[in-house]
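A.B. asks: Spelled out, the chains give:
There are 6 protein chains.
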Amino acid sequence: MATLGYVEYPDASPEVRAVYDDIMATRKTDWINNFWKALAHDPATLRRTWESIKQIMAPGALDPVVKQMIYVAVSVTNQCPYCIASHTAAARKAGMSDQMFAELMAVVGMANETNRLVAGYQVEIDERFRT
Amino acid sequence: MATLGYVEYPDASPEVRAVYDDIMATRKTDWINNFWKALAHDPATLRRTWESIKQIMAPGALDPVVKQMIYVAVSVTNQCPYCIASHTAAARKAGMSDQMFAELMAVVGMANETNRLVAGYQVEIDERFRT
Amino acid sequence: MATLGYVEYPDASPEVRAVYDDIMATRKTDWINNFWKALAHDPATLRRTWESIKQIMAPGALDPVVKQMIYVAVSVTNQCPYCIASHTAAARKAGMSDQMFAELMAVVGMANETNRLVAGYQVEIDERFRT
Amino acid sequence: MATLGYVEYPDASPEVRAVYDDIMATRKTDWINNFWKALAHDPATLRRTWESIKQIMAPGALDPVVKQMIYVAVSVTNQCPYCIASHTAAARKAGMSDQMFAELMAVVGMANETNRLVAGYQVEIDERFRT
Amino acid sequence: MATLGYVEYPDASPEVRAVYDDIMATRKTDWINNFWKALAHDPATLRRTWESIKQIMAPGALDPVVKQMIYVAVSVTNQCPYCIASHTAAARKAGMSDQMFAELMAVVGMANETNRLVAGYQVEIDERFRT
Amino acid sequence: MATLGYVEYPDASPEVRAVYDDIMATRKTDWINNFWKALAHDPATLRRTWESIKQIMAPGALDPVVKQMIYVAVSVTNQCPYCIASHTAAARKAGMSDQMFAELMAVVGMANETNRLVAGYQVEIDERFRT
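Chains as they are written, first to last, in numbering that gives the first Met the number 0: chain A, 0 to 130; chain B, 0 to 130; chain C, 0 to 130; chain D, 0 to 130; chain E, 0 to 130; chain F, 0 to 130.
Please note that the accuracy of each hint is not assured.
[As the list claims (entries may be wrong)] DSSO-like, lysine-lysine: derived pairs with alpha carbons at most 30 angstroms apart:
no. : chain 1 : residue 1 : chain 2 : residue 2
1   : A       : Lys-27    : A       : Lys-92
2   : F       : Lys-53    : F       : Lys-27
3   : F       : Lys-92    : C       : Lys-53
4   : D       : Lys-53    : A       : Lys-53
5   : E       : Lys-53    : B       : Lys-53
6   : F       : Lys-53    : F       : Lys-92
7   : B       : Lys-92    : B       : Lys-27
What the hints contain is simulated information worked out from the structure, not anything from laboratory work.
Could you put the whole structure together from the sequences, leaning on the hints where they help?
C.D. replies: Given below as structure tokens:
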């Protein structure tokens, strides 16, 4: 169980239901995943988080599938099992193929390796990168 | 100074020079950044790391600019100053605009926020995300 | 099972039992949680860790409930499931309400977001913050 | 320099100035720190981030000084130099004494230590912590 | 299940089987652990990762048991459950005793604590450490 | 400057001087590095941290040079510049050669890479690793 449990739709306040309705309408689904049902104990955070995600993940200069893959890259680096599972599912739904996933993992793994080689060798920033 | 100092081209062994030459040819530049000059104290790691990066960052199912943005996303999450500076430069060279950078940062920031909300609320993985 | 298993009270050496007894007396409980039973394989670390925690978590300039919430903030940022579960329980026992928990999570999430925006935008420390 | 530079007040758009004005009014100061001047290249993120922080850091069930100390705890765990410098300053302004700071550091250090002992010994969550 | 499932030996391509055979021969075992069976969906990454690990973990200036303990230290710091389980097993096989494990954990815990004290107190690098 | 500044020997209380004296005697040096001079604002934490480090880093089942390399591995993974600089210096003093350092970095980099491949591919712990 989540810390405070999950708020199911029938038990939700009108304020929470309004967010749930917008999530389902925006995502064209008929269910709410556990993340939102856990946050619903704090309606202000629920609304703020959903409004932020809706704005940030919408199409812009970056495609939605690219945004979802970046979300996966962060979640993998932080090693957050729920976040990896939910955003890998979202990235697939947005069009990520097996090959795209494999390349994503290769880049994420490599970046985590070189980040530490840089730190351990105490590499200084080149002047050309400072501009 | 890096831990073991930097190996400049004129002081490099033939084995190291061969890697330097391939880096400059592949990247169409005439200089070597500090990361490689620090790694050059360990030629086996220098070669292995360069060969891996060359393969991983080449065009594939993902565009090079997307791969560089994923590299930035990991480096920002790890808060590695050298890696952020060098890969932001590489991403710009590969075509990342100011707007694309801003959206990248917005997603990375948001993902780091929700990763912690998930952990703190102890949210469990939904069955639908397990398949 | 923990790496080396758990040391139960009846199987514990007098040295380990003395620490267990002090934990139960200090916390006014009649049980020992798994963390201590796993550490008991290394009595020196068991004693040192318990003595440190007992000193650090005692009332001081900060209230015990504030200290427990700070412990949760770190554990959530590190995404350590055991630590989140045990210190959230301890924080509740020390007086943390649902509303306090929700505000704690909101701050922790936001801090993790802005930490990355700072890194990605490569923001420099203002002179006024250096004094 | 930050990645995209800093947007100073005289160069800011009316939209950005409105946020700057609100930051200064809310904080009762006459200057804007670098974080906001870097974010100002992305007015939507600037506004969203400021509105979130303003709401989250306001007095509630937790005192502002406690919230600022939690912000410091996260920033220290993530080892973000800018965030540590700016939020330590904010915490002091909100009333954190040297003694409170020292206790904060002791708890943050200890939590980071035990988080790893838990992981390394592969300690499982006690049933009593699951409710 | 892993994201893309596991590739069992009978279902593997000749390219993947060659890597599996080399893993079993090098390790003198008759089974393949899940990590490799998950990576096998991306044969290039499977081969590159195995070749790198085989080279890096071989005896050199550092003993294999020391290398495995360093691997555990990183995995514990990152709190990666699979990595802790698999490399603790490998370290034991390479000769790590219970006492060595306990000392390893004590150092890893302490290092994670002092890393944060350093960050929080904003300690600057001594001139003597810069050479 | 460190948050609270540094406590120099002539300005130190007898309690702090006693710790400084023990550090210099144990390490056979005639100076105190910044870490201890920053912690000295909180004599209880200064003493506790020094006593812990002295016990943990002493020769045991693991050699001092191995312990220092493990300290470096953690500090590199956490990307703590001060900790990397000071413990790399300590490891060298304890006998770490350039070749040992290079192998240490190779293992640390690789471990950080595979930690993320494991997370991203959502690899489950093999039964054989659970015993």
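A.B. asks: Name the hints, by number, that the structure is in violation of.
C.D. replies: Of the numbered hints, just 3 does not hold.
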